[in-house]
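J.: Using the sequences and the hints, build the whole thing.
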Amino acid sequence: MQRIIFESAPELIVLCILLGLAYASAQYLRHRHPWSKFMNWMLFGLRAVLAFFLAFLLMGPIVKQVNNLYEKPLFVILQDNSASVKEAVDSTFLDSLHQNLVSADQMLDEKGYESSIENLRGDDVSRGVQYNGVESDLNSAIKRISNRYEGKNVAGVILVSDGLFNSGLSPLYSNYNFPIHAIPVGVTSQRSDHAHKNIAYNKIAYQGNKFPIRAEIQVKNLSARTVRVSLMKKGRVIDTQSKATNGDQLIAVDFQPEADEQGIQKYDVRVHTDPAEQNQRNNHASVFVEVVEGKKKILLLASAPHPDIKALREVVEQNSNYEFVLHIPGVTEQQASALRPEQIDLAIFVQSPDLRGKTSQIFQNFANSKTSLLFIMGQKTDLPLIARQNMPIYFENAPREYDEVTPVSNAAFTSFSLSPETTTILSSFPPVSVHYGKIQIPASASPLLFQRVGSVTTEKPLLAVDVNNSRKIGFMLGEGIWRWRLNEFDRTEKTAAFDEIFGKLVQFLSTTDDKRKFRSYPVQQEFSETEPVVFESQVYNDIFEPVFGNSIEIELTSESGQKTEYTYVTSPGNNRYQIGGLNEGVYRYRSSTVINGKREEVRGEFAVIERQIELQNLTADFDLLRKMSANTGGRFFKASEVHQLISFLGQTEARSVIHSEETYDSIINLKWVFWVLLVMVTLEWGLRKYHGSY
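The sequence shown runs 1 to 694 under our numbering.
Take these hints with a grain of salt, some might be off.
[Claimed, not checked] Below are the BS3-like pairs computed for lysine-lysine, each with C-alpha atoms no more than 27 Å apart in a straight line: (1) Lys297 / Lys358; (2) Lys504 / Lys220; (3) Lys220 / Lys296; (4) Lys310 / Lys380; (5) Lys143 / Lys72; (6) Lys504 / Lys111; (7) Lys297 / Lys504; (8) Lys210 / Lys297; (9) Lys72 / Lys152.
Just so you know, the hints here were simulated from the structure itself, not pulled from any lab data.
T.: This is the structure in structure tokens:
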């Protein structure tokens, strides 16, 4: 539908007509011409129409056009492709059911619907379903349909499922704006079973220590009996425990193995099978524990007790990878062997070396080593001694006065980042006491926090770090940081901001930088057997610029000793390589490449885990599917009633949605207007020329 609207008053059209007639009259009716009267009236008409049209276009007429678009209603047939369906339902029945769904899809197309068949991941399965899904997330699958076709004409979803979900939210808690017609599959009767409900363990253990593994076993539909559970490693039974049960219940079995070997260790927890069990595949579960040599040692030295020590200790001891060692002469002392720099990953000096010299000798030992240091300076700190040891902080004059300053974060700090919440909170921390005087820091030092005096933010560092020749040194120029932690807890009942600042600082200072020219590693320590193992390799030149084109050779060795080799070439934007099809187990890898004629090599381990979450529960939940259908206005059909579903859908009317689209365009922009004007001008000029006039 089209309509012409005007920017000017429509009455001006009459003026355009009169203007066209007057212009044509002046040309053809007031003079004699060498052509016939008929030809004169024809030329008069052409000139009048042309003049009218040009005047009409000056009014700026606009064409309004309304187009109607018809959107077909959409139907999605959603098939649950999780492994639990295949385990509980006969494959012949599933094939027959799929063929019936294909027939329903064809019928919907013939009725005028736009339809598709897909699985929970959103893949098209019109040609067949592979029941290999490692988890069931019904809510996310339906939400994906809702989001993908948001604003579209969704007539409904046909859900074929056992009603079991082991990931995401319950679909009963979500609202859907289309009906869901459910077709249940599976068996609702309770099965006799021992099933691993959960296994709790520490992913990291330290060599020589014992660590806990707790297996929670769900006993279903079995009479009172004794359940035997064994812990195995490399096919050898480490420990076996027995638990008496009284029918259906959840039992917990605790093991305490010793971490005797470094690296990723695989432990198998097996429940001894019972003749009455119908599902024995969930009697076994594996856990992978990384055994490391030991914790990082964080040494804190002080000449006397101070509240700042408690604040820092709370931060360090939150991390299970750290071992906190405190040395205060005359209060809490460590043996001399525990204070050797080579055994310490980070030494924190709280107001030490002190002016009385209690910790001066220990400080000098650490100053002459390569151990990372962190100074918390205060009134008792021996600043001249620190300067004589070439530490990255120097006061030009011995300070005699002190300033009260508050912290301001440095947005340009790049060694690690602070969250926006922490940046906001620290700006309201109470002041700390700093030495007043002019200080010098090297260009390599980077401030994390600046000093703010009153409302003026200065360029003086409050907390900064310096990295020189792989050695990291941090210095906090103020004392009283315990007030920060206490103030934050008073306002928020937690200490997240303080813990983040000093937790990340300790982690940065205690971590040794990797200066190798070749790095190759899996992007994570554990992979599911259904996903590829991804390696990332990086090659650097002498000034640690990334280079590409190197051939990377990766050799994998399985637990059984089988070796497999892979090769790929790095390129810009493509440093990764995927390896698929690996079975469960611990794999050792050896990556190598040639740099400047020398072969560089990297070794390590990773684990591939078989996920058996789909086998934990095979009892279908038809009641959930009924409630979903009822809540959304859909219908519930048994698997044997698919033909009734097809008949029901065949009786429905495919109602399309009409979308109206309005477009506005000036007539002068239309191409056909140009051609009409050109034809009229050419025709008039041609006739005049043909009959001997200009």
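J.: Each hint: holds or not?
T.: Each hint, compared with the structure:
no.	hint	result
1	Lys297 / Lys358	holds, 22 Å
2	Lys504 / Lys220	violated, 47 Å
3	Lys220 / Lys296	violated, 45 Å
4	Lys310 / Lys380	holds, 18 Å
5	Lys143 / Lys72	holds, 21 Å
6	Lys504 / Lys111	violated, 63 Å
7	Lys297 / Lys504	holds, 16 Å
8	Lys210 / Lys297	holds, 20 Å
9	Lys72 / Lys152	holds, 9 Å
Against the hints set out earlier in the document, violations occur for numbers 2, 3 and 6.
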